[in-house]
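> Residue numbers (the working numbering), protein chains in the order written: chain E, 45 to 190; chain B, 12 to 124.
These aren't lab readings, by the way, just hints derived from the structure by calculation. Be aware that a few hints might be false.
As the list claims (entries may be wrong) - Here are the computed lysine to aspartate or glutamate pairs in the EDC-like style, where the Cα-Cα straight-line distance is at most 20 Å: (1) B:41 with B:13; (2) B:41 with B:89; (3) B:80 with B:118; (4) B:41 with B:30; (5) B:80 with B:30; (6) B:80 with B:46; (7) B:41 with E:155; (8) B:41 with E:152; (9) B:80 with E:155; (10) B:41 with B:17; (11) B:80 with E:150; (12) B:80 with E:102; (13) B:41 with B:107; (14) B:41 with E:102.
None of the values given here were measured: they were computed from a predicted structure.
Below are the chains, spelled out letter by letter.
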Amino acid sequence: MPGDPDGADLTLDIPGDALAVRQALQAMVAALTSRGLPPGDRGTAEIVLAEVLNNIVEHAYAGRQGLIHVTIRLDAATLECRVVDDGQPMPGDALPPGDPPPVPPEGEPAEGGFGWFLIRSLSQDLTYRRADGRNLLSFRLATSAA
Amino acid sequence: MELVAEERPGLLLVSIRAERIDAAAAIQFKDRMRELVQAHGGAPRIMLDMSHVAFLDSSGLGAVVAVMKLMGPDRQLELAGLTPTVEKVFRLTRMDSVFTVHPLVPDGLRNAG
Numbered sequence: 045m046p047g048d049p050d051g052a053d054l055t056l057d058i059p060g061d062a063l064a065v066r067q068a069l070q071a072m073v074a075a076l077t078s079r080g081l082p083p084g085d086r087g088t089a090e091i092v093l094a095e096v097l098n099n100i101v102e103h104a105y106a107g108r109q110g111l112i113h114v115t116i117r118l119d120a121a122t123l124e125c126r127v128v129d130d131g132q133p134m135p136g137d138a139l140p141p142g143d144p145p146p147v148p149p150e151g152e153p154a155e156g157g158f159g160w161f162l163i164r165s166l167s168q169d170l171t172y173r174r175a176d177g178r179n180l181l182s183f184r185l186a187t188s189a190a
Numbered sequence: 012m013e014l015v016a017e018e019r020p021g022l023l024l025v026s027i028r029a030e031r032i033d034a035a036a037a038i039q040f041k042d043r044m045r046e047l048v049q050a051h052g053g054a055p056r057i058m059l060d061m062s063h064v065a066f067l068d069s070s071g072l073g074a075v076v077a078v079m080k081l082m083g084p085d086r087q088l089e090l091a092g093l094t095p096t097v098e099k100v101f102r103l104t105r106m107d108s109v110f111t112v113h114p115l116v117p118d119g120l121r122n123a124g
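In isolation and in its complexed conformation, chain E is listed as follows (with noise of 0.2 Å):
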């Protein structure tokens, strides 16, 4: 997996579909593992990006055709992350709070938004914005060095 020009590690363009979200996640999983990401890491890594791949394939490109920029860059405790897409933005311009869903007895279980539950508890620093009809998301992942 090529390094990119501006100091990422790791850089994949996606076509917004989960298949080929699949795929970027294995080709991802593969380059941090012939980095000497540890098995837990690249777990924490492919849980997050495989949540944050879904929700734009899901909702910023919604059947439409796109591609989704990620760039990797891995620090000696973090690994730094960019999402880019050109769908939809996020409903009000926010990220979702991710609120744990509920298990009994709080309530019944849910069959969805675990997504952004997911993104918050394994994350720091999660950021959104939008400019020039892009979503920037950038995050941290702390690795079992930190």
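For chain E, the structure is supplied; the task is to place chain B on it using the hints.
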């Protein structure tokens, strides 16, 4: 996605022969499980052998919850062999408290030989 169903006393053991229950596969998983749940309506417990599943995202998690709801309140959905990333998703969302989770498919239930 291949699901292999084997009847055991009082239980249906379903082995999920897929590496990922993700956004690309969740609907297919749910549809296949619906067929099995309905075809084996007499089994009070269904155990999913997830030991081949390396990854599950929120779509996959939602599909497993949907299967539990399909079965109704009188039948139990149990999970066995959660691999590390899958286990992490169930634990973080606290959905590991909603199902009976076995580290492995119990010895007496696995195929002999």
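> The structure should be examined with respect to each hint, and the outcome stated for every one.
Here's how the hints hold up against the structure:
1. B:41 with B:13: holds (12 Å)
2. B:41 with B:89: Distance ~16 Å between residue 41 (chain B) and residue 89 (chain B) Cα, so the pair holds.
3. B:80 with B:118: violated (27 Å)
4. B:41 with B:30: Roughly 15 Å separates the two Cα atoms, so the pair holds.
5. B:80 with B:30: violated (24 Å)
6. B:80 with B:46: Given that 20 Å is the threshold and the Cα spacing comes to 14 Å, the pair holds.
7. B:41 with E:155: holds (12 Å)
8. B:41 with E:152: holds (19 Å)
9. B:80 with E:155: Within the cut-off at roughly 9 Å; holds.
10. B:41 with B:17: holds (18 Å)
11. B:80 with E:150: holds (17 Å)
12. B:80 with E:102: violated (24 Å)
13. B:41 with B:107: holds (19 Å)
14. B:41 with E:102: Holds: residue 41 (chain B) and residue 102 (chain E) sit about 18 Å apart, inside 20 Å.
Of the numbered hints given earlier, the model fails hints 3, 5, 12; all others are met.
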